[in-house]
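2 protein chains.
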Amino acid sequence: MADIKILTESELRQCVSLDRALHDRIEHAFSQLEQGDVVMPPVLSMDLPSVNGEVDVKTAFVPGMDNFAIKVSPGFFDNPAKGLPSLNGLMVVLSAETGIVTAVLLDNGYLTDIRTAAAGGVAARHLAPASVQTAGILGTGVQARLQLKALLLEREVQRVRVWGRDRDKAESFAQEQAELHGIPVTVSESIEALVLESQVVITTTPAREPLIRADWLHPGMHITAMGSDAPDKNEIAPSALAAAGYLVVDRVSQSLERGELRSAVAAGVLRREGPFTELSAICAGTAPGRTHEAQITVCDLTGTGVQDTAIADRALQVADIHGLGTLIHS
Amino acid sequence: MADIKILTESELRQCVSLDRALHDRIEHAFSQLEQGDVVMPPVLSMDLPSVNGEVDVKTAFVPGMDNFAIKVSPGFFDNPAKGLPSLNGLMVVLSAETGIVTAVLLDNGYLTDIRTAAAGGVAARHLAPASVQTAGILGTGVQARLQLKALLLEREVQRVRVWGRDRDKAESFAQEQAELHGIPVTVSESIEALVLESQVVITTTPAREPLIRADWLHPGMHITAMGSDAPDKNEIAPSALAAAGYLVVDRVSQSLERGELRSAVAAGVLRREGPFTELSAICAGTAPGRTHEAQITVCDLTGTGVQDTAIADRALQVADIHGLGTLIHS
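Which chain is which? The protein sequence lines are A and B, in order. Just so we're aligned: 155 in the numbering used here is position 155 of the first sequence, and the numbers increase by one with no gaps anywhere. Just so we're aligned: 619 in the numbering used here is position 289 of the second sequence, and the numbers increase by one with no gaps anywhere.
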């Protein structure tokens with residue numbers, strides 16, 4: 001009936017990568033959320049305890065874009081023991097005009113990885129202090145690497161501290177990232193020491209018990225919490241969230257259900273009604289970014305469908321220009 | 331990372347078609363719903379009024395099947411004016427063990443069409459009277475054709491009456507279906523006459539106002555209502571639903587939200603708590619089918635993810651046997 005473009009992970013890696021242009025694109029997509037004509041339904045979330053897995057489906061329809069994406073993200077946590085990655089998935093791209101499938105992006109989670117990091121970059125752009133001597137990274141996985149890269153695209157950072165539950169992985173991370181970015185990256189013995197030293201802290205863990213306590217916060221610091229994306233995860237102690245001078249989330253409804261707001265509301269230290277600021281309002285200019293040097297800012301990211309649609313649309317544009325992909329007639 | 335099989339609509343048409351074997355398969359999938367270990371989250375539903383469209387995403391994880399499907403069903407209702415079908419879409423198939431994408435079924439809605447009809451066949455198998463002189467079909471579209479075929483696979487029918495808002499389409503339907511099945515198919519002037527004459531009535535319309543009234547029901551008849559799949563649709567008057575002696579639905583939670591139960595509960599003639607019987611219980615043998623000749627039975631079908639997973643799994647099995655499909659390495 002129609003020609004459908006199939007793009008593989010390696011082709012998609014040629015089309016989009018994590019850079020300031022992607023930050024701009026994701027920032028613009030967030031700003032469109034504020035126009036109120038974006039349709040972004042709640043996440044379809046499927047828990048599969050019998051196979052230690054989960055699947056999330058996210059989507060958003062953004063008027064003005066040629067296409068919209070429906071993103072399927074499975075996470076199967078016994079995979080690493082089988083030599084397979086936990087996370088993968090794909091994006092289905094539909095025409096915004098006819099709903100007909102225009103493309104299938106077999107990205108194995110690559111596009112999700114970089115659109116997630118780019119949201120961190122956008123948060124840093126608006127909320128990190130102008131001067132960052134030390135950045136602290138909690139976690140040593142893919143997002144730890146990508147979030148650090150996104151931060152470095154937005155701020156000059158003098159040194160990086162990293163903490164991970166697995167000391168060996170933290171050491172490897174430090175060595176690899178120091179070489180990659182040409183700045184000192186060292187392992188921190190404790191989360192407390194890391195937070196106290198850092199002007200920007202990025203949390204990228206699947207923690208179910210809070211890692212960051214309120215009494216470690218200090219004036220002028222910014223925290224981006226991107227680990228919690230499910231109702232049983234929590235990286236920031238409720239009291240620490242309540243102590244932030246400026247609390248920003250990517251989507252209030254999602255953060256209340258599956259992000260840091262959930263545990264803080266459950267603990268009774270925050271009210272469901274807020275006040276919370278959405279990152280989209282900052283991107284659209286209807287809410288401020290950091291307003292003064294001493295402000296303590298926290299941004300909780302749960303991941304939104306509008307990021308998926310934005311990166312899929314961009315990837316397809318570039319693929320068309322370069323003639324990448326396989327056409328299947330169906 | 332992995333080889334992903336891409337199957338086109340024409341290949342999928344070679345793999346599965348609407349026959350009694352498919353009824354068996356869908357019946358078995360429904361019966362597994364009763365075991366309580368199927369994971370079937372609520373439908374992700376996206377309304378897109380600005381483009382007169384909608385998208386539904388359905389899925390179900392069925393223990394024991396190698397794969398599970400995530401089905402994307404767009405409906406864009408300005409398409410026919412552009413010479414395009416309203417409905418299309420695809421299924422993404424994931425390994426039940428690792429969550430890795432194993433296949434993409436570019437079916438343009440074909441698999442949805444036949445798994446929907448097969449559920450009607452299963453409903454007829456258990457609920458239609460043993461002897462059906464006249465079957466009445468409301469609607470003249472794809473499902474009108476397929477539901478008739480499914481009924482004829484389960485019951486010997488002497489004649490068919492059809493009603494449609496568009497008289498010309500009804501005439502074409504009658505002529506085409508009479509030739510196809512070798513039985514008389516004629517157009518009914520009114521829905522009332524059609525219902526009064528028929529022992530089985532199948533409604534396949536997108537009606538927003540009820541078509542079937544309570545005082546037309548008569549002993550021994552069965553109605554399958556498959557048109558309503560959204561919160562603004564309604565084919566059976568609430569009082570007619572309340573008058574049924576045996577009320578069966580494919581999924582109570584879905585029918586309460588987007589099926590015939592919704593309007594009947596809203597009208598106050600049925601309680602949210604039921605009693606309602608799920609088709610899965612009948613398929614599993616924990617609830618009866620039709621219990622006596624004079625019983626008036628109604629079955630409301632909204633379409634479930636377990637049907638999608640069952641048909642996708644079957645299509646892939648056949649495709650593997652016949653070596654169909656294109657492998658993409660990603």
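Some hints could be false.
[What the hints assert, rightly or not] Taking lysine-lysine and the DSSO-like style, the derived pairs with C-alpha atoms no more than 30 Å apart in a straight line are:
| # | chain 1 | residue 1 | chain 2 | residue 2 |
| --- | --- | --- | --- | --- |
| 1 | A | K169 | A | K82 |
| 2 | B | K499 | B | K479 |
| 3 | B | K563 | A | K5 |
| 4 | A | K169 | A | K233 |
| 5 | A | K82 | B | K335 |
| 6 | B | K563 | B | K412 |
| 7 | B | K479 | B | K563 |
| 8 | A | K5 | B | K499 |
Hint data in this document are derived by calculation from the structure and do not stem from the laboratory.
Structure-based check of each hint:
no., hint, verdict
1, K169(A) to K82(A), "19 Å, holds"
2, K499(B) to K479(B), "18 Å, holds"
3, K563(B) to K5(A), "35 Å, violated"
4, K169(A) to K233(A), "22 Å, holds"
5, K82(A) to K335(B), "22 Å, holds"
6, K563(B) to K412(B), "25 Å, holds"
7, K479(B) to K563(B), "24 Å, holds"
8, K5(A) to K499(B), "35 Å, violated"
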